[in-house]
Amino acid sequence: MTTFTHTPVLQQRCFELLAPAISVDNAILIDATLGLGGHAESA
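In our numbering, each number is its position in the sequence shown, counted from 1, plus 4.
Derived from the structure by calculation, the hints contain no laboratory data.
Please read these numbers as outputs of a predicted model, since none were measured by experiment.
There is no bait here: all hints are sound.
Pairwise CB distance ranges, derived in the manner of DEER restraints: (1) M5 <-> N30: 37 to 43 Å; (2) D29 <-> T6: 38 to 44 Å; (3) A31 <-> H10: 20 to 26 Å; (4) F8 <-> N30: 30 to 36 Å; (5) M5 <-> I26: 33 to 39 Å; (6) T9 <-> N30: 31 to 37 Å.
The beta-carbon is built from N, C-alpha and C at its ideal position, and this holds for glycine as well.
Given only the sequences and the hints, what does the whole structure look like? Please build it.
Right, here's the structure in full:
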């Protein structure tokens with residue numbers, strides 16, 4: 005069986021764009037992409 009590994013290449017840029025929204029108290033981040041949740045995992 006082949007194991008798939010996803011490396012988020014736009015991770016830093018995504019966090020830069022989301023920073024105003026996720027830097028507030030009680031912020032909720034939902035990774036609704038079809039990948040393996042790499043961005044949410046690293047948040």
